[in-house]
Amino acid sequence: MKRVLGRLGHAAFVLWAVASLTFIMFRLMPGDPTLNFLSESFSEEMRAALLTSFGLDKPLPEQYVLYLGSLLRGDLGVSFLQKKPVLDILLDALPNTVALTVTALVVAYAFGIIAGAFLAFARGSVTEGIAIPAALITRAAPEFWLGMILLAWLSFAWGIFPSSGANEAGSEFTSEWARLTSADFLWHLTLPALTLALYLQGLPLLLMRATMLEVLNDEFIVMARMKGLSRWAIVMRHAARNALLPVATAFALGLGSSFGGNVVIETVFSWPGLGRVLVSAVQGADYPLAQGAFILIAAVLVTMNMVADLLYAWLDPRVSVGARR
Amino acid sequence: MPGAKAVWRFLRSQPFALVGIGIYALFIVLAIFADQIATHDPRQILFSGAYRVARYLPPSATHYLGTTAGGRDIFSQLVHGTRSALTVGVTAAFCVVVLGSLMGLLAGYLGGWVDRIIMRVSDIVLGLPFLPFILVISALTRPGTTTLVASVALLLWPNTARVIRSQVLSLRERGWVEAARVTGCSPMRIIFVHIAPQVAPLAALYGSIAVGWAILTEASASFLGFGDPAAISWGLMLQDAFANQALSREAWNWFIPPGLCIVALVLAGFLVSRGSEKLLFPKLGD
Amino acid sequence: MAALLSVRDLAVHYATAAGPVRAVDGANFDVPAGSIVGLVGESGCGKSTLGRALMGVMPRSASIPAGSAVFEGRDLVALSAKERKELLWRRLSFVPQTAMNALDPVQRVGAQLMEVLTERGGLSRQAAAERAAALFGLVGLDARRLRDWPHQFSGGMRQRASIALALALEPALMIADEPVTALDVIVQRQILDVMKELQARLGLAMILVTHDVAVVAYACDRVVVMYAGRVVESGPVRAVLEAPLHPYTMGLMNAFPDLDRAGGELVPIEGSPPSLLNPPAGCRFAARCPFAVARCADDPPLVAESPDHHAACWRVSEATELRPKAAQAATWASVVA
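Residue numbers (full-length UniProt numbering), protein chains in the order written: chain U, 1 to 325; chain Y, 1 to 286; chain L, 1 to 337.
Next up, chain U with everything else stripped away, as it sits in the complex:
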């Protein structure tokens, strides 16, 4: 409990620091944030009125206090370009990003864990000779390039999957949940999720293989064999359970980092998620929106870093349960 509170405090500190850094980045950088937003025909009074409405006329320290206050209230401001609350725009995009990230990660880790464990037993085989370089290549390939190949191949050449978007244009749904579970959505999700999974699977595969090899040499595995336990019990109950510790941590970390790393995949597949919101906001100099998207992505990252730490401690009794004599 003390550990959880300590870790929460740490996460809160990092979040505050990231939020402050974001504030500095967006205010102190060269260029007038209103320039892109205002057309030439605006009069000086109109410009001043706009600045006031966004709070940009106040001195920086005051702006900073106001900024932190509204962040705490969950108020991320209003988009320059869309004239809608930033939070609403982000919340619209969020389910798409969550669906993409979680699907891809689950597929990647399910595959990577099984294949990695299998490879640990196939040392020195031809399969290993092919699988390890293949895993390294998918780790070395830019994810958007993998996406381009799959798009050109499965969408444009063979016409199996749609090439962009999350839903067929003009389709309507009774609820957000109905949309996310519709066949149409899943159909659109397949290709981007597959690309992301292809890019992500290398890490759990290599990690699982390495830790499995290490664990299999441990004395307690030798002991399990001496006890005459079944192969299943040795591999699943003793080896895999130990080897999964670092992989589970990597999963939590991966959830946080691919949340923001989805930026490229979402662009390739025109997937209406957070990453694309961020890219178009940055390109259009829509500072409130870009700032909000950045902070949200950072918050998820910091939270998942914390979850990874706590998860590891919770899964490993050597960390969670203190020694007693």
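Keep in mind the hints are simulated off the structure, nothing from the lab.
We put the CB at the ideal spot given by N, CA and C, even for glycine.
Some hints could be false.
Simulated restraints on C-beta separations [said to hold, decoys possible]:
{"id": "1", "chain 1": "Y", "residue 1": "TRP176", "chain 2": "U", "residue 2": "SER320", "range": "37 to 45 Å"}
{"id": "2", "chain 1": "U", "residue 1": "GLU62", "chain 2": "Y", "residue 2": "THR141", "range": "19 to 27 Å"}
{"id": "3", "chain 1": "Y", "residue 1": "PRO201", "chain 2": "U", "residue 2": "SER320", "range": "34 to 42 Å"}
{"id": "4", "chain 1": "Y", "residue 1": "GLY111", "chain 2": "L", "residue 2": "ARG144", "range": "39 to 47 Å"}
{"id": "5", "chain 1": "U", "residue 1": "PRO61", "chain 2": "Y", "residue 2": "MET119", "range": "24 to 32 Å"}
{"id": "6", "chain 1": "Y", "residue 1": "ALA204", "chain 2": "U", "residue 2": "GLU128", "range": "26 to 34 Å"}
{"id": "7", "chain 1": "U", "residue 1": "LEU91", "chain 2": "Y", "residue 2": "THR146", "range": "48 to 56 Å"}
Just so you have them, the derived chain L footprint on chain U, three or more residues with Cβ under 8 Å [unchecked claim]:
{"id": "8", "stretch": "213 to 223"}
{"id": "9", "stretch": "237 to 251"}
{"id": "10", "stretch": "311 to 319"}
With chain U's structure known, arrange chains Y and L on it following the hints.
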């Protein structure tokens, strides 16, 4: 540090590392002799016949990999792209290693409040989403290679610093460091003359991984339109191809080669680091 | 006298790039039912390999090219994997060195005991829980600590838990590999006492692999001395330790603090055992032996000096004269080439 002979004997026993070094060598040659190897000026808009821009040409004897939508020679762009990839990769890796080692050495040796501050800062940096941060920085300043290299270095140093720090923590308790302290060596002298050479191999290992990260980041940033627009890079080539319907036109000759080059160069970094990992930490492998 | 275990000419090789390493190269000894046999020698003499080879659980590079180990009438070397699995832990169990990792770090100690009892012993969960508590009582642990994780145990407690595990299915033979090496002297004695007491109470036989002559003297009925993959001397503990026949055994006695002869000078045996990749011809100890003669270039056979006391040395008959010389440090110092 192992001697030259040991390194050579090791390389022969490590085909992975040898392949990695071979790939590096190939790209370095390409980068140096880019002007001689390229068949055309990579920026020049080419014409075929009477004032018709030579766009979307398939591979041929004159254009080994065909031409782009803008009528430029893909092979020549690819060859020249090697330069920016290597420049970005190597300078970024160098910055990461220098910054990371410096922070790790200071935090590990000095301890106390220096250590606490450096570790806190590294916590904050690890809380910054990698690519979004680079996009925002590129958008707020002038997009270009320098910005990119600087932001990669700013984001990647904590990993190196943490490893170096823990290494230093164990080194500082060794007898010879104690001896240097007793004989009145200044802390800076101990750090940079006595300890730094010991952790250099470890830093180099992290450097070879950072090369790959930097190249991938440059490609992603360029693809999203936040690269140096004046440069000729593989990432920009891919962005150009993507934006000009290379996919729907099934112009494989346009978007496959740059990606393969990125894979090869990043892979080379992985292979070398896997190999050098075995050289530096023989206990890990068998 | 029908031995519980009869090892004959047993060899264990490790395949390496440079050729086979002959870790055990023709071992001969018996383990009578209900006795504790010490298997003693310097590190790298093949004693641990031998213990693990008897269990049949070895690294992939290891093989048994020759010999037999007849246990309860069946040759362990010739068993099929399935037959061996039937035998393991039910008739033949193992106590590992006190390393943290001998117990699975992410499973409670009790769960690891229950696993063996239910899956190998066929007990119901209820019966297994009762038996687990009883086993903990047997080795002097509080049954409440069944719910602890391995890292919450001290080294001595972990060793007790390992012994409880090994006793779970009431085996006929328990092989203990350096069971007390990592422990401090007081705990060493406690653990050895537990083992001796249980052995007497349950009537099982034990092989106690150790490098420590003092442990052998304290706990064992019989001793088998190994050197460079070979058995050089074997017999009842009293006979072997009080009147050693082989110069190596004499040297080993000097190199360890004796339980009775406290205050005696410790004399190390100079040099190190030969490479097992290309072991020298003839007596393997000759290079380090202060009493080596020309004849030692031939392999000495393991002969019975008395019906129950064997040694492999050409000068066995002179042992009585050699013993006083072997007790002097100067004798050993002269060997260093």
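How the hints compare with the structure:
The given range of 37 to 45 Å is respected by TRP176 (chain Y) and SER320 (chain U), whose C-beta atoms sit roughly 39 Å from each other. A beta carbon spacing of about 26 Å between GLU62 (chain U) and THR141 (chain Y) agrees with the range 19 to 27 Å that was offered as a hint. Restraint check, PRO201 (chain Y) to SER320 (chain U): a C-beta distance of roughly 35 Å satisfies the suggested window 34 to 42 Å. Between GLY111 (chain Y) and ARG144 (chain L) the CB atoms are about 42 Å apart, so this pair conforms to the stated range of 39 to 47 Å.
For PRO61 (chain U) paired with MET119 (chain Y), a C-beta distance near 28 Å keeps the hint of 24 to 32 Å intact. Range check, ALA204 (chain Y) to GLU128 (chain U): Cβ separation about 28 Å, and the 26 to 34 Å hint holds. Here the CB-CB span from LEU91 (chain U) to THR146 (chain Y) is close to 37 Å, at odds with the stated 48 to 56 Å. As drawn, the stretch 213 to 223 of chain U meets chain L at 5 residues by the rule of a beta-carbon pair under 8 Å; at three or more, the given contact holds.
With a cut-off of 8 Å between beta carbons, the stretch 237 to 251 of chain U has 5 residues touching chain L; three or more are needed, and the interface restraint holds. With 4 residues having a Cβ less than 8 Å from any Cβ of chain L, the stretch 311 to 319 of chain U passes the three-residue criterion, so the hint holds.
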